[in-house]
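Enquirer: Given next are the chains, with one letter for each unit.
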Amino acid sequence: MKARFAVIAILAFIGMVDALYLSIKRNAGPIPCHVTRGCTDVLTSRYSEIVGIPISWFGVGFYIVMFSLAAFKVFEDPQYPSHGLTGLIFYLAGAALVISSLLVGIQAFILKAFCEYCLLSAALVLSMFILAPSPARRKLPE
Amino acid sequence: MPKALKPLIVIVLAVAVAAGAAVYLSRQPDRPEETAAPTRADIKGGGHIRGPEKAALTLVEFGDYQCPSCGAYHPLVKEILNRYPQQLRLEFHHFPLVTIHPNSMLASKAAEAAGEQGRYWEMHDALFDHQREWSDSPNAEPIFVALASQMGLDSNKFMQGLRSPQLQDRILQDVEQGQNAKVDAVPTFFINSERVHIKLSMEDFVQVIEAHLPK
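The listed protein sequences derive, respectively, from chains A and B.
Numbering follows this note's numbering, with no gaps: position 95 of the first sequence is 95.
Numbering follows this note's numbering, with no gaps: position 144 of the second sequence is 286.
The shape of chain A in the complex, shown without the other chains (with noise of 0.2 Å):
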């Protein structure tokens, strides 16, 4: 069980980076795609921002929060593991699933550009959710 909250942490940490690349290179010019087309556009339209924030600093808060749930699960000691963190995994992978969903449609059916960054941050999540143990298939104490 371990190793899964492990590779999450890896996934969160790859997330982290990507988010902040986002939001460091969102305001220095045009940003290069390599795989898609239209980072620019889809990172400059109004949907990239919520409240005058741009979602890639939500994405870094995400990621950290993330990483840091992930990290204390790592090192719980296993004779007395915390459900409630497990739990708190579970549903924010299941949120940022949710919104990630919501944003990759906007990319698809509204902006028709896609964003690398964006679509990584997406598999990430997409990854992080699967990994993450439903609360609901907990083992009951006997």
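Bear in mind the hints are in silico, worked out from the structure with no lab data behind them.
Cβ coordinates follow ideal geometry from the N, Cα and C atoms, glycine included.
The reader is advised that the hints may include incorrect statements.
Said to hold, decoys possible - A short, non-exhaustive set of chain B residues, derived as facing chain A with CB atoms under 10 Å:
hint	residue
1	Lys148
2	Asp206
3	Gln208
4	His243
5	Asp326
Based on the hints, put chain B in the right spot on chain A.
Expert: Only chain B this time, still in chain A's reference frame:
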């Protein structure tokens, strides 16, 4: 060592390393967005020109008044024109990305309508300077009319300009030129027909201009 200390150290280290990696990556030289995009483009005619007619260098900009990046570049473009008043001129072409910037076409029309009264560049500057005020407005027209009034423009003529199909055609000609030059992001810059990638810094602007000035 307290139990909570280990994960806390790991978290702080991870955030620091991630920040360092992001800063490092963001400082790497950008590769062009479109590797297939030609490095040269023959852009003839159209556009609005600011600066001396016989300048050695023409900085062509394809821009969108609603694009935040274009707004961020605007003061740098003005500053670089001030630094090279004899050697450099700007040729601005409209490239409104209407699918993601719903007010961009109307903003271009506002600039053209002001241009009909000989005040194109004043409106151009005002649109970028006030971009945040109209960018997300569901009805930007009154804001543009107010800007025109502040400049002392004839409001009726300005309103006619906003609805003029001729002015729209002029904008669409710019868009067509941009498409022919494979412009697909804004702002896109050319210097004397050569596509150039300029970072959002005065130092980079100066370097690029200096590299193109005749020796």
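Enquirer: Work down the list of hints and note, for each, if the structure agrees.
Expert: Going down the list of hints, with the structure as the test:
1. Against a cut-off of 10 Å between C-beta atoms, the interface hint on Lys148(B) holds, since the closest Cβ of chain A lies about 5 Å away.
2. A least Cβ separation of about 9 Å between Asp206(B) and chain A falls short of the 10 Å threshold, and the interface hint therefore holds.
3. With 10 Å as the threshold, the beta carbon of Gln208(B) comes within range of chain A, its nearest partner Cβ sitting at about 9 Å, so the hint holds.
4. Taking 10 Å as the C-beta cut-off, the interface hint given for His243(B) holds, the closest approach to chain A being about 8 Å.
5. At a threshold of 10 Å, the smallest CB-CB gap from Asp326(B) to chain A is about 7 Å, leaving the interface hint in force.
Of the hints listed earlier, there is not a single one the structure fails to meet.
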